[in-house]
Amino acid sequence: MMALLLGAALLMAVSGVPGLVRAGNAARRDAADRPGDADRVGDVPGANIATALLLTGVLVALVAVVAGWIRPGSEAVSLPWAVPGGLFETRLDALSTVFILPVLLVAGAGAMYGPGYRPARARPRNAAGFRFFYGLAVGALIVLLTARGALLFLAAWEIAALCGFFLVSTEDDQPDVRRAGYLYLAATHTATLALFGMFALLGGGVPWLRFPEAGTLPAGGAATAVFALGLFGFGLKAGIVPLHVWLPSAHAAAPTHASALLSGVMIKTGIYGLVRLLSFYAEVPAWWGWTLLGLGAVSAVAGVALALAQHDIKRLLAYHSVENIGIIVMGLGLAALGRAHGLPALVALGLGGALLHTINHGLFKALLFLAAGSAVRAAGTREIERMGGLLRRQRWTAAFFLVGAVAICGLPPLNGFVSEWLVYRAALSAAAGEIRGISLAVLAAPVLALVGGLALACFVKVFGVMFLGGARGGAGAAHIDGDAEATRGMRLGMGLLAAGCVVIGLVPSAVGPLLAAATGDWARTGPAGAPPPELAAVLGQAARLSAAAALLLGLSAAVALWLRRCARRAVYGAPTWSCGLETPAPRARYTASSFADGLVDALAPGRRLERAASADLFPTPARMHSHLPDLALDRVLVPAYRLVARGFVRVRVLLHNGRTHAYLLYTALTLLVLLIVYGGK
Amino acid sequence: MIATTVLRLAILLLMAPLLLGVIARTKAVFAGRRGAPLLQPYWDLGRLWRKGLVISRATTWIFWAGPVVAVAVPVVASLLLPMGALRAPLSFEGDVILFVYLFALARFFTAAAALDTGSSFEGMGAAREVTFSCLAEPTLLLGFVVLARLAGGLSLNAMLGPHLPAAWGTSGASLALIVVCLMVVLLVENSRIPFDDPNTHLELTMIHEVMVLDHSGPLLGLILYGSALKLMVLGAIVMRLVLPVDTGNLWLDAAVFAGGQLVLAIAIGTVESVMARLRLARVPQVLIGTILVSVFAVVLVLR
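So the sequences go chain by chain: X and Z. Counting in the numbering used here, the final residue of the first sequence is number 663, and the numbers go up one at a time with none missing. Counting in the numbering used here, the final residue of the second sequence is number 1279, and the numbers go up one at a time with none missing.
Since the hints were made in silico from the structure, they are not lab data. By construction, the Cβ of each residue, glycine as well, lies at the ideal position given by its N, Cα and C atoms. Any given hint could turn out to be false.
Claimed, not checked - Sample of chain Z residues facing chain X (criterion: CB under 7 Å; computed from the structure):
1) Ser1032
2) Arg1033
3) Val1051
4) Glu1069
5) Ser1096
6) Ser1109
7) Leu1117
8) Ala1124
9) Pro1194
10) Trp1227
11) Pro1260
As the list claims (entries may be wrong) - Have a look at the derived ranges for each label pair, beta carbon to beta carbon:
12) Arg1258(Z) with Leu636(X): 57 to 63 Å
13) Val982(Z) with Pro224(X): 54 to 60 Å
14) Thr981(Z) with Ala(-15)(X): 28 to 34 Å
15) Asn1225(Z) with Leu535(X): 34 to 40 Å
Given the sequences, and given the hints that come with them, work out the whole structure.
Pasting the structure below:
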């Protein structure tokens, strides 16, 4: 089945190639002939081929993954590879499957969504390149997640990262986008550098190694350095605070279904790397677990706090990725603690929660990005302060966004709750045990509660401000009349992801065996291959979760039916009560900033609130601008780099001064030094 | 089992509005008035459910969803929670998390319904509601950590089980701190003085009440009923901690539970009568203080 999966990956990787041929010309001609109705099924031929190939690839890969799951026996596929030290070996185990499934679902949804959202006809300039890199990124991700050799892993990692760069800077005519792209490029290459170091150390002198089997490496020796480098490299990719600096701008700049791919699954390669790395070791020191738990908690709180202050919808969603990565890393940290102290229950709950949250976050974050993209298309702006009342014009988009919002807040009965429930249980079980060393880990539970509360505040704000109430003027108001619903393909893409959220939420036991097997792959606690009994028991209880969810839905439906009968007595069309003021100006509506003000004030008192008002007797027009600087990027990294850059400029001016005799002096000095060093031999 | 479940549901669904009447009567007695009849909330509900309703032109289906979820959630949540000595019919390890998050779901939809009207007042109410609840949730979780540690289990049935009288003997200090903290959470979540005033008539200072300004008739009735149910469900936790009595007889247990709820209602009425409302800016400070107090309780049981 691995061979089939590789074939599918290849198919997806080349899906954009046919469109590259004469794509620009054809698209330009097409655009000139028939300017833009996005609802037509057909696009330029290259785009249609790309969509078809990508969807076929996704289907084939899904078949391969499911078949590989039904008939286990993890056969490896090795291909000859003429790279020195290279080893082209791939294998599909449960751990890889957990990470591949969201890649396939998000890529499939993106392929359905793309043609409606970003018809190549309307953007002839960069559509072909975008398609090419989108498909290549998906293919590279699959190879990355199944690779069993360090060089193959790094090659796939680098291809995926570069594709990410080209996806981020698709609309490179805008300076913001270029800046975001460079920041991303610098960050991802720093991560790669750290990974080179990590693999070199891991191999112990043999640089390009095959991945060791789970639980075979002894701790100690270079393990600390390997963990530190891995945490840095993979953490930079995943966006763990304070290494998240590149993430918000990059994910905001990309076209929305590329954002969904980047935010939903690409950053998870960092999590995959960490999980895989920890699986190599026979034993895990407790401080690794504490470090992960602490970093996860900081990421979760900081991510959601920064998200609250944003009013660009895509930046906001990107910051929520930082939050969710934090929750995943907390689960991983709890699992590592469990391994350090020999508590299989903690391992099963923590890792099960982390892995399920990885899948879930892929689904609902991609769904939110796609729905947000549809809303942005209708409103003509990413600024949520200018949106409002979109539900009337986008019934489906609003419903899908609502599903995503409820799921990301971790509310029952959707999937986000199930994974957070597992992490909570891991944290609470730390208190129940008698081991003194880890009872403090129970404090993860109130942290999760705080994060959950803040996320709820944030998504009530976003959903309310974007989709409910009335328009707030600005660009959004210009479009206020008429239907602006997403095209059928876009709705299909969103519907696929929403269905995933609902199914995992209502029937969590469906993913149980997969999680149990993946946990077994990670920590060989019991007999080889046998899933840990703890997780099976827990997921058995998940049936009760389904029962509660079903009761909730049934009861709500009953009350709603009764309300339908009452609705016959309703008088519609009255104005909203606003203390007697009949029609307040659209600009006077409650905004996202006002909504979040109290919480942001409590969490980040140092926020910059810029006002420019006159102190005159007669008020003049005033401006107010609120902006929450990102502490790590705006206050630490940028000033530090600026300082370094200024230093380098000074050195350059000193050395590279344009005087010929100075250059001759350098040459003479170099020769003299070489003579002194090597002259005697 | 079935008899217990039916009895529990009957007590919850039929008795919840009475608590509002008792609170109102307590406040009236403190103020030297005769007050409305104890059964007034029932008449109010009946009247509202028969009335017509006026729907703002700004609203969508979300406006209708808020009250529906606000009624459905406390009923489902009550199935997870032992009411006095009456065991919960739907119980599993970790149901405590579901319990907390169900109420979060209700909050999501209530706040969204408020924003659906497009009114700034209701927006302010929604913002305050989610802000204060954010700070109340860690306290609730820390309280449950203490209870889980004492019970050695993660289901509400175990945490509020028959071991509580013994636990008061061994870890009385922690439990006392937790009772105080949970009482604060109860008052915040049910928008009671000193955090919110259910009887206020100034839109600018309201929290919960302003969110439902535009709901009328049956919708308002559902919201009132839902908040009565919520008061009873959350109150059941506090009362069980204070009054951990297991008689072994179904009817006696039910009577103890009902009596306890009435005592709790009188206590809430007393608090409402003798305290002034906090300034809005002070509320988060009190809530953060409560989080720290519950951290002390956790430290006491973990040591």
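Checked hints:
1. Ser1032: Because about 4 Å separates Ser1032(Z) from the closest Cβ in chain X, which is inside the 7 Å limit, the hint holds.
2. Arg1033: holds, 5 Å
3. Val1051: holds, 6 Å
4. Glu1069: holds, 6 Å
5. Ser1096: Ser1096(Z) check passes; min Cβ-Cβ to chain X is 4 Å, inside 7 Å.
6. Ser1109: Holds: closest Cβ of chain X sits about 6 Å from Ser1109(Z), inside 7 Å.
7. Leu1117: Where the cut-off is 7 Å and the nearest Cβ of chain X is about 4 Å from Leu1117(Z), the hint holds.
8. Ala1124: For Ala1124(Z), the interface hint holds, since the closest Cβ of chain X sits about 6 Å away, which is under 7 Å.
9. Pro1194: holds, 4 Å
10. Trp1227: Because about 26 Å separates Trp1227(Z) from the closest Cβ in chain X, which is outside the 7 Å limit, the hint is violated.
11. Pro1260: holds, 6 Å
12. Arg1258(Z) with Leu636(X): 57 to 63 Å: holds, 59 Å
13. Val982(Z) with Pro224(X): 54 to 60 Å: Cβ of Val982(Z) to Cβ of Pro224(X): about 56 Å, so the range 54 to 60 Å holds.
14. Thr981(Z) with Ala(-15)(X): 28 to 34 Å: violated, 55 Å
15. Asn1225(Z) with Leu535(X): 34 to 40 Å: Once the Cβ atoms are compared, 36 Å apart, the range 34 to 40 Å for Leu535(X) and Asn1225(Z) holds.
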